[in-house]
Amino acid sequence: MKRKSYAIKNILRFKITSLTIITFIFLLVAASTSYSEVRFDPQKVYGPRIDKLCMVIIRNSDAQILAAQKGDIDIMGDMALPSDIDRLSRDSRLTMSLARGFHAFFLLLNNKAAPWDDKYVRQAAAQAIDRNNIVRTIYSGYCEPINTWLPPVSPWALPESGKVIFDRKAARAKLKSRGYSWNLAGTLVTPKGKVVPKLKLLTPLARVAPTTAELAEQIADSLHAVGFPVEVEPMDFSAMISKLDRKDYSLAVLAWGMGRNPDSLYSFYHSDMDVEGGYNVTGAKDKELDETLHRLRFAKDKAEAEKASIKAQHLLTDVVPSVPIYSRFSVAAVSRKWKNVLTTDKITADNMWTLMMAEPVDGKMRTLNMVLAEEPRNMNPFVASSAYSWQVLGMIYEGMIGSDPFTLEDMPALAESWSVKTSGSGEATHTELLFKMKQGLKWNDGSSLTAYDIKATIDFLKKNKVPRFFDSVKDVKSVEAFDDGRLIVRMNNISYWHLNNVGSLPCLPKNIIDKIKDWQNWNPLDKTGKSGPYGLIGSGPFMLETYKPGEYVMMNKNVHYRMLSNPKRNTK
Amino acid sequence: MNRKWLIRRILSSLGVLAAVLVLNFVLFRIMPGDAISTIIDPSFSPEAKALLRELYGLDKPMLEQFFIYMKQMLTFNFGLSFLSRRPVWQELLSRLPSTLILMSVSMVLSSILGIWLGIKAALNRGKFVETLVLRLGAVATSFPGFFVQLVLLMLLARTFAIFPLRGSLSVPPPTGTFAIILDYAWHMTLPVLSLTLMGFGGWALYVRNLMVRVLGEDYVLMARARGLTEKRIVYGHAFRTILPPILTILLMSVPGLVSGAVITESVFSLYGVGTFLLEAVSGHDYPSAGAAFYLLALITIISNFFADIVYGLVDPRVRIEGRNR
Amino acid sequence: MISLLKRKSIIAFIAICFIGAFLPMLLDGHPADTVGAPFARPIFWNSNLPALVEMDISTKETSFEWRKNPPAIFSLSGTVKANPTSEVKIVWHTPNKDFVLATLIGQSLYWINMDGRDMIFKQALNLPLIGKSVEALFPSKGKYSITIDGAENCELKLYLPGQRQGLLGTDQRGRDVFRMLIYGIRTSLIVGISATIIACILGLGFGLIAGYTGGLTDALIMRTVDILLSIPTLPILMVLAGIWGKGLWQLVLILSIFSWMGTARSVRSLVLTVRESPWVEGLKALGAKKSYILRRHLVPETAPILLANIALGVPGVILSEAALAFLGLSDPRLISWGRMLHEAHAFGAFTEGAWWLLLPPGIGIVILCLIFMDTGRYLEELIDPRLGSGKNV
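Chains as they are written, first to last, in the working numbering: chain B, 1 to 572; chain G, 1 to 325; chain P, 1 to 393.
Here are the simulated BS3-like cross-link-like pairs (lysine-lysine), alpha carbons at most 27 Å apart as the crow flies:
(1) 548/B <-> 515/B
(2) 163/B <-> 157/P
(3) 169/B <-> 81/P
(4) 60/G <-> 247/B
(5) 127/G <-> 6/P
(6) 60/G <-> 474/B
Calculated directly from the structure, the hints in this document are not laboratory data.
Chain B on its own, in the form it takes in the complex (with noise of 0.2 Å):
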């Protein structure tokens, strides 16, 4: 009851003054104080230097806070607390880094169902929400408000992506506009007369998504504010999938890890991907919409997709089938006892490139300690699904590109060149792509990597029809390898985007491969070789020595990794 009068409260007050806001471009700059670094070629760095990498488990976050204070981690990522990032920026003995992030928030409206099926009352709710307030009282600031699909970070996303649209006067007009009215109670009565009943809106539990309850609470009070009687259910997230996979909603919020193509809004909004198991949950269904989304998906090359990219965003902020909230800022804290540490605008501190290059500061070399929030549990690459396995296997497998630490953009990792070429004629016309590797590579137990190891990694992923992987390779029709380190991959249709999802997968060894007799009970740890190899034969730049389940990952470095040695020496 109390919650209500409060509301009503709000209105009223926004009443007298709602004038007009002064509407801020939202333009965060590399500008920051902790950043120092040069620009360099990162084609060109040498390293590892570091001989071991200890990621140590501290799941608690107060122990990790407190750990990073007395001097026990030397890299901490991905700080979540606000109260935790102003603490240990007041630590001397800290570097602090912030970067825009791959989250991001969304309110999720159902198209499909009433009031959420007229794209104006779509935009007005987009306009009521008040993101700015919600960043400042729940993050301290440490959130960026979004007005994109696609998260900020992202070299695909509209730079104007951080407009600040807030503005419940015109969100007000623009219901009016549309023939709905007020009710004495501050409710919104639809054009037919009638109060528009109970909105609900779902919330994960807090276990999933610690925050969420109180961000729905003010998405809540912001909608309630322009007259939408919106309601806050929690309820278990599992049951939440379930019932936005039905359409079984009105309203929902949840956060998304994005990635950083733009090929991703097809899953989420084109109408073909409205069916059972789709992620268009929100029944986005727009004409217009659907062409421009399916000329990114199947673009033959970067240029015809990054208009189709530009088009499918200014589309989105028209057709609004959800609503952008925030994105999350990475924050990651560094030991001043370490030198060489990259921090870009785009990546935090807690990165591979220094992980490459960190040196300490007094030259005497010892192990380099790494927080690990979660434990890894499984380090079979097919199967681990964690973001914490991944910490771990993705510093010991490599794909063919890699993306560059300050423009996030391509660039070559095992493979030296690529290209992208549409062939063939008719229904068969398809993309092709052109990988040249690397000579002289070879994998940490010292053997030789080829062309054929690629090959027959993507040959078992598509084979196998590992789920992790199906979506990369369910379109390669056939694989080519040559003893002059070519590689093609010829896929069935036409899309610019098999580039990225052949090109950044992990890379094994064929002889591993081909001893593997059960890849789902594959344990690479486990000594007897019972359902295939022991060990973790990669190409990146760590080696796993040993994990002790629930207290660390001790890492060496890769001898035979490709960047060891440092170029200028040689050359003398």
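Fit chains G and P to the supplied structure of chain B, relying on the hints for placement.
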């Protein structure tokens, strides 16, 4: 020993076990929602999701799932965890020692402390010591365990950083067996201490009551009259009389310890069965949550069974009346 | 009846019920509302820390003395009216340095809403993006002022929540701990008492049926009791709370399902003895109906036991609820003491050393439990004076 009574006890324990097994299955299958929704991410297409469901055996009919489940439980082969895709039994096994050490050490410590205090109180009836023990015991049992632990943690691990905040080993761990044991003990001090504090009160009250009754018996009076030393009377005669009920209570306190361990592991971020269960419950990991619950229930059932046996061995009336205790 | 009121625990119980029922009505605002800065200390703590300062700014220049540590939040909001052609400048003057907060031109009315925590604010003033901007805005003790140049009229409000707030401080989201504590009483009492009453009714029903009917029904009920008693309570409660939503009444139901067994056992054994007693036998011989005997003689006979059982059962339920909430398995909107402890544990009270988030709810739980246990034991003694001593807990 009465064989019929023993068989009945075994059958009744098996009945409980069967009920737990069925409950375990039903509970996790009526969970609302989609079991795989916590492991998918937006990059999954509907086809990839279907593949996952098939992989996890969720596309099979319920009855078939039930038989697979029963076989798994009875053979201790719990299948693969949804979250980690590793055999659940392996993961549980790696966490079991830590939980068992925590439980057994604190059980031994709290019972010794409680028994000692209880006897002291019984010997000093009406004096300050008795009142103190009674009050302490009552307060200790009404404190929520996790609150005591949080306060201890804040005081001893943060304000006066004497003890570590988390985990069971330093990072990087010390070298040498002795150093590792010492390090482990240092990490386990707070968890064990807090569990002991939570447990000793009940013991003290119980033992005091038993002892008071025994000390009033004729043979104790007789022994006193014969001029035996107080020590001999208490530890030689009276204590021997109350030992069987103490043993029974020891076994019957196991279920409470299980609950205590779950909370303790969560507070001190320990790697054990309790945190595993919590993670599995919140992550919708049926096989893991089911197996962890089954294991904890099994510990409880077995200790209850032995408690009955011990009690029955000592008190012949129970063998006849059995259930109507 | 009068003797009842002499017992301290009963008086305390009545007092707590009153506080839980009526104090929330006297406190304005909802406990979930943000009232100040996160992790503010209790108001009576260290007076060197600032408390909340609010200032209306309607003149061109407002100045004041600042003799304490920086506040926790700097926020300025309201409206500024001006001639569209003139430039409005809002400047913050500190003893060391001046900050231009905003330069406005081109409109007749501006709506100001700035907050020191916003990234855009830090960026505009060239402050580090990570860390608190108030430390730069309040560099030292001395005279501070805010000037608004070029405006015709302004209605601004400077809002400076400090590091001290409320009787018991604030939590990680700036909510008032005292208010939450008071609301928590209600949750604990509702959950504790209603779950125990439901459990007692269940126990009474099953105990009566088992004791009076005997035979197969008796065996069935007693086996169920055995089974429920051998299931480890907390794990099963965790599983159940994880499965069935986490609302208040679901919680009550879940807790009561697992606490009726003790009552059923004692009611059954009582019924067994009463059933064999001569006067019940006599009633039977006189042709009294089963239901009559049950209603008129057996139920009243068990009433005292039930009363004591309720009082003694409540602490267990309260502790279970607190444990579940502490493990994070409760509705986040439901303010309870266990939830408060959970949030203290999960959201950084330890690094802050925020004892005021830990002690009040914890001590609250202990006091409530002690009150109920003492009341229960007292009732037991009233019913059966022999229990006065030698009864274990």
